[in-house]
Amino acid sequence: MTRLVDIRLGRGARLLLGALPIVALLFVYLLASEARHLDNPADKVLPTFEAMAQAIRGLTTDRDPSTDRIILVADTLASLYRLGIGLAIATATALVLGLLLGVMPLARAILGPMVAVIAVIPPVAVLPILFIVLGLDEASKIALIAIGIAPFMTRDLTSFVANLPVEQSVKAQTLGANSWQLAIRVALPQLMPRLIEALRLSMGPAWVFLIASEAVASDVGLGYRIFLVRRYFAMDIILPYVAWISLLAIATDALMLFISRRSFPWAHGAGR
Amino acid sequence: MSPLLEMRNIWVEYGDKIVLERVSLEIAERSFVAVVGPSGAGKSTFLRLILGQEAPSRGQVLLDGQPMRAECGPDRGVVFQRYSVFPHLTALGNVMFGIECAQAPFAARLFGAQRRAARETAVEMLAAVGLEHSLDVYPAQMSGGMQQRLAIAQALVKHPRILLLDEPFGALDPGIRLDMHALITRLWQERGLTIVMVTHDIGEAFKLGTRVLAFDKRRHDPHAPHRFGATTTYDLPLDRKTLPPQALVDAIGGNLPQRDLA
Numbered sequence: 702m703t704r705l706v707d708i709r710l711g712r713g714a715r716l717l718l719g720a721l722p723i724v725a726l727l728f729v730y731l732l733a734s735e736a737r738h739l740d741n742p743a744d745k746v747l748p749t750f751e752a753m754a755q756a757i758r759g760l761t762t763d764r765d766p767s768t769d770r771i772i773l774v775a776d777t778l779a780s781l782y783r784l785g786i787g788l789a790i791a792t793a794t795a796l797v798l799g800l801l802l803g804v805m806p807l808a809r810a811i812l813g814p815m816v817a818v819i820a821v822i823p824p825v826a827v828l829p830i831l832f833i834v835l836g837l838d839e840a841s842k843i844a845l846i847a848i849g850i851a852p853f854m855t856r857d858l859t860s861f862v863a864n865l866p867v868e869q870s871v872k873a874q875t876l877g878a879n880s881w882q883l884a885i886r887v888a889l890p891q892l893m894p895r896l897i898e899a900l901r902l903s904m905g906p907a908w909v910f911l912i913a914s915e916a917v918a919s920d921v922g923l924g925y926r927i928f929l930v931r932r933y934f935a936m937d938i939i940l941p942y943v944a945w946i947s948l949l950a951i952a953t954d955a956l957m958l959f960i961s962r963r964s965f966p967w968a969h970g971a972g973r
Numbered sequence: 482m483s484p485l486l487e488m489r490n491i492w493v494e495y496g497d498k499i500v501l502e503r504v505s506l507e508i509a510e511r512s513f514v515a516v517v518g519p520s521g522a523g524k525s526t527f528l529r530l531i532l533g534q535e536a537p538s539r540g541q542v543l544l545d546g547q548p549m550r551a552e553c554g555p556d557r558g559v560v561f562q563r564y565s566v567f568p569h570l571t572a573l574g575n576v577m578f579g580i581e582c583a584q585a586p587f588a589a590r591l592f593g594a595q596r597r598a599a600r601e602t603a604v605e606m607l608a609a610v611g612l613e614h615s616l617d618v619y620p621a622q623m624s625g626g627m628q629q630r631l632a633i634a635q636a637l638v639k640h641p642r643i644l645l646l647d648e649p650f651g652a653l654d655p656g657i658r659l660d661m662h663a664l665i666t667r668l669w670q671e672r673g674l675t676i677v678m679v680t681h682d683i684g685e686a687f688k689l690g691t692r693v694l695a696f697d698k699r700r701h702d703p704h705a706p707h708r709f710g711a712t713t714t715y716d717l718p719l720d721r722k723t724l725p726p727q728a729l730v731d732a733i734g735g736n737l738p739q740r741d742l743a
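In the order they appear, the protein sequences are chains X and A.
Counting from 1 along the first sequence, just add 701 to a position and that's the residue number in this note's numbering.
Counting from 1 along the second sequence, just add 481 to a position and that's the residue number in this note's numbering.
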């Protein structure tokens, strides 16, 4: 008999089996929601799908009184702006530092311990400092995201570059490469797919820091909205918002994987 | 004629462990030196000394009569058993890398006419190792033999004074290995190369080399085996008809050489 660990599935079967638990989960929710509404028609904890659809319609047509923009659009744009700038700063920092520290043992000796110390500070613990120093505007939220993930990415990239086979460095030097050429022609290109990988792994924490900072002090944003409507027990808004955030996260992850496969075919097996 | 490479009373020590002791030898231009010896006898250390990847604890290494700095440079090419080629560059890119490093110190890339000239040189070099049909292939798509051909082309494009091979054919199939023997012999003859090759295959050493160096420990202290280093126990000039002494075969093991190239 085929062992369980040896069972391989085709693409169709895999998609079907993968969808099953998700459908089951939705079905369980439906049953639970139904049961609660039979008990109490005004139940707010597990809203029906109709109620959620109603709420979504409201969010995509109503305008925010202060900015005169559609609420969901305004929240999404504000959050993505903060997330994007924060990720960009973190990525650029990690790229430069990771390359420098990875290639040069001297730089690693000087800056390595500092990066390690910063990396162990829980980012949310410094949020008050950021609010005090940078004010309650965009800067502090962007800074939290950048500070939250840049040290992790830097350490990941540093160890990746430092662990490239020593033969490559020796070979490059016998081909006449100087330190600069070694960094930008040998280390940097091989670092790029890893950078995207590190960024993909950092997306989870980045969302956490975004929502946390928006929850504390903000007047627009996905995290702000969730924590605002929590006061009214508006699960019919919170649940679609959580689903929307998940969707955004999945889309950005797929986009990054696509870019990596497209730009660095040599890093994803053969294929050109 | 002064020797191309000279070692004067070299010692290599790691802490109180002695790897090499009292190694003194000269390597003449255009020779093909095969280095054999049991594992841990300092073959690779010897190669790293010539490469400049490692400095001797005592003694001197002279290249063309000048004391050598312990740093890798373009006058010494190398092919390792693995990781010799850059995975992110195509065959052509791998070979052009050496030319680009020399001609573009800051951008490390060439453009226009310079690039075309570099490309032409690289294509010629790839054709010389039989890779003229795989210019745009990445190493991951190549067989082990093709990767080693590429590594040789990549090293030779710099016209090194001395080419170092660290068990270059150790991971290849026997058939492919024979092809590679023919290739390296042809390149060595046509281009007047000086080659130092470390191998654990004694047959390969006697088949390819014009001289075989065997490294081993002369003295052995059973209570402190690390206190005696290895040195050259055999230094045999070959006319390509010499057979290895039985004692050397017994010490290292391996296949007896075939005399098919002589």
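Please note that a few of the clues may not be correct.
If the Cβ cut is set under 7 Å, some of the chain A residues that face chain X in the computed set are [to be verified]:
| no. | residue |
| --- | --- |
| 1 | Pro548 |
| 2 | Arg557 |
| 3 | His569 |
| 4 | Thr713 |
By construction, these hints were calculated from the structure, which means they are not laboratory data.
Where is the CB? At the ideal position from N, CA and C, for every residue including glycine.
Is the interface hint for A:His569 satisfied, with its Cβ closer than 7 Å to some Cβ of chain X? 4 Å, holds
Verify the interface restraint on A:Thr713: the C-beta must sit less than 7 Å from at least one C-beta of chain X. Nearest chain X Cβ about 24 Å off; hint violated.
Interface hint check: A:Arg557, Cβ to nearest Cβ on chain X, cutoff 7 Å. Holds or violated? At about 6 Å, which falls below the 7 Å cut-off, the nearest Cβ of chain X leaves the hint on A:Arg557 intact, so it holds.
Let me know if the C-beta of A:Pro548 comes in closer than 7 Å to any C-beta of chain X, holds or violated. 19 Å, violated
In this structure, the earlier hints numbered 1 and 4 are contradicted, and the remaining ones agree with it.
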